[in-house]
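There are 2 protein chains.
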Amino acid sequence: MNEGSQLGGSAGLAPEAAVDLLGLLAYAELISFFQLSADAELAPTLTDKAALAGLAAAEYEHFSRLRDRLTRMGIDAETAMRPFTAALDSWHEQTQPQSWLESLVKAYVGDGIAADFYRQLAEHADGETRELVHGVLSEGERAEFVVEKVRSAIGADPTLAGRLALWGRRLVGEALSQARLVAMDRPKLAALVAAGEAGADSADSGDVGRVFARLTDSHSRRLRHWD
Amino acid sequence: MNEGSQLGGSAGLAPEAAVDLLGLLAYAELISFFQLSADAELAPTLTDKAALAGLAAAEYEHFSRLRDRLTRMGIDAETAMRPFTAALDSWHEQTQPQSWLESLVKAYVGDGIAADFYRQLAEHADGETRELVHGVLSEGERAEFVVEKVRSAIGADPTLAGRLALWGRRLVGEALSQARLVAMDRPKLAALVAAGEAGADSADSGDVGRVFARLTDSHSRRLRHWD
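As you go down the protein sequences, you meet chains G and W in turn. Note that the first sequence covers residues 1 to 227 in my numbering. Note that the second sequence covers residues 228 to 454 in my numbering.
Worth double-checking, as some hints may not be accurate.
[Unchecked claim] Below, in silico cross-link-like pairs of lysine to any residue (SDA-like), each with a Cα-Cα straight-line distance of 20 Å or less:
{"#": "1", "chain 1": "G", "residue 1": "149", "chain 2": "G", "residue 2": "97"}
{"#": "2", "chain 1": "W", "residue 1": "376", "chain 2": "G", "residue 2": "97"}
{"#": "3", "chain 1": "G", "residue 1": "149", "chain 2": "W", "residue 2": "305"}
[Said to hold, decoys possible] Which bits of chain W does chain G cover? Going by a derived footprint, with three or more residues having C-beta under 8 Å, they are:
{"#": "4", "stretch": "256 to 264"}
{"#": "5", "stretch": "269 to 280"}
{"#": "6", "stretch": "283 to 289"}
{"#": "7", "stretch": "300 to 314"}
[Stated by the list, open to error] DEER-style ranges, computed between Cβ atoms:
{"#": "8", "chain 1": "W", "residue 1": "448", "chain 2": "G", "residue 2": "74", "range": "49 to 57 Å"}
{"#": "9", "chain 1": "W", "residue 1": "268", "chain 2": "G", "residue 2": "74", "range": "23 to 31 Å"}
{"#": "10", "chain 1": "W", "residue 1": "378", "chain 2": "G", "residue 2": "138", "range": "35 to 43 Å"}
Hint data in this document are derived by calculation from the structure and do not stem from the laboratory. On a predicted model such as this, the values are computed, not experimentally measured, just so you know. The C-beta atom is built at its ideal place from N, Cα and C for all residues, glycine as well.
Between the sequences and the hints, there should be enough to build the whole structure, so can you do that?
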């Protein structure tokens, strides 16, 4: 047994669920790196383009920490990521930003969803993984940059507020669809994520629904920051 | 006068030439970040894709050091990069890799050309800039990864050697064309780069030709590493 078996934690959750969560987050960060790099084409200035490159580079840095953590646990990162590539690729394909502001809102929403999953990981993981999660979550720079840009755009054109809020809800909605598919395929991972809700060691679709109801609420609150 | 005026160094070169070189390298790193991110689509495996993302993230890190150096000198990075965007964009447009191996060779050649320019910068810059340059040049990881991948591909299919060498020469040739255009537009920058050759404080097209003859030689040697 490799070190991964320590990941189950006091809740008695299957270690593979925690490895799943590491793999899911690793691929989410990697694909987000590529998405943000591509979205930078939409930036109105070279400075903004460079700022989005900076956000992408931060995603790569998170990916590399997750990959290194998996490697130290004796787990191949590619194998751990593989079960989640289809769902995350689909989410990105179905939510291609059509403007610079949409790409910023997407970065913000995607980051917020990832943060919720990181928190679930921290609750059920060993000390080293918890440290990794706290390191990632302590970075507030992205949110500041994005909120400032979006707020100033809405200040200049208040009609943007409603359209961007709608875009934000669509992003969360599409994420929910993908999450339901992943939950059916990986019930132990779903149980781990749902455990934060109800202490369950298995999850039914109602639990997954509740997790995402909470996510949707918290993102609606976040999206109101720039109203 | 801002701190940029210290950059001329003992050769008495115009400080704006050294600022040009910082701006040129900053944009080269930034655009290379985007190019490598896009090229990663060609990667045969997720692990290789992640490795190319890592190279791209390193380019961003170099860019951010150059940008911060310019900012500390009181110079707007976007303004410093602007004169070089057309030439570097053209180089990338005219040398789009058609395969994973071509993208690796391009990363290697582009990095080698950049390293030559970094060395010129170090010779004519203040202590803080020299430290930045030595930091960037001390990173040998990229070359190792690329050489290993290309060598193993050529080992499996020796006919690749000639084709990739041709591709490498084309990359250097296209860079030379762009460099001639930049040299005509920025004679002081051309003089700074040529100074390493002949101690000149102004450059004619023969000097620029000699600089690139040396670059071409050194890259031909580098490209032979995996023969």
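task: Hints the structure violates: just list their numbers, smallest first.
output: Of the numbered hints given earlier, those the structure breaks are 2 and 8, listed in rising order.
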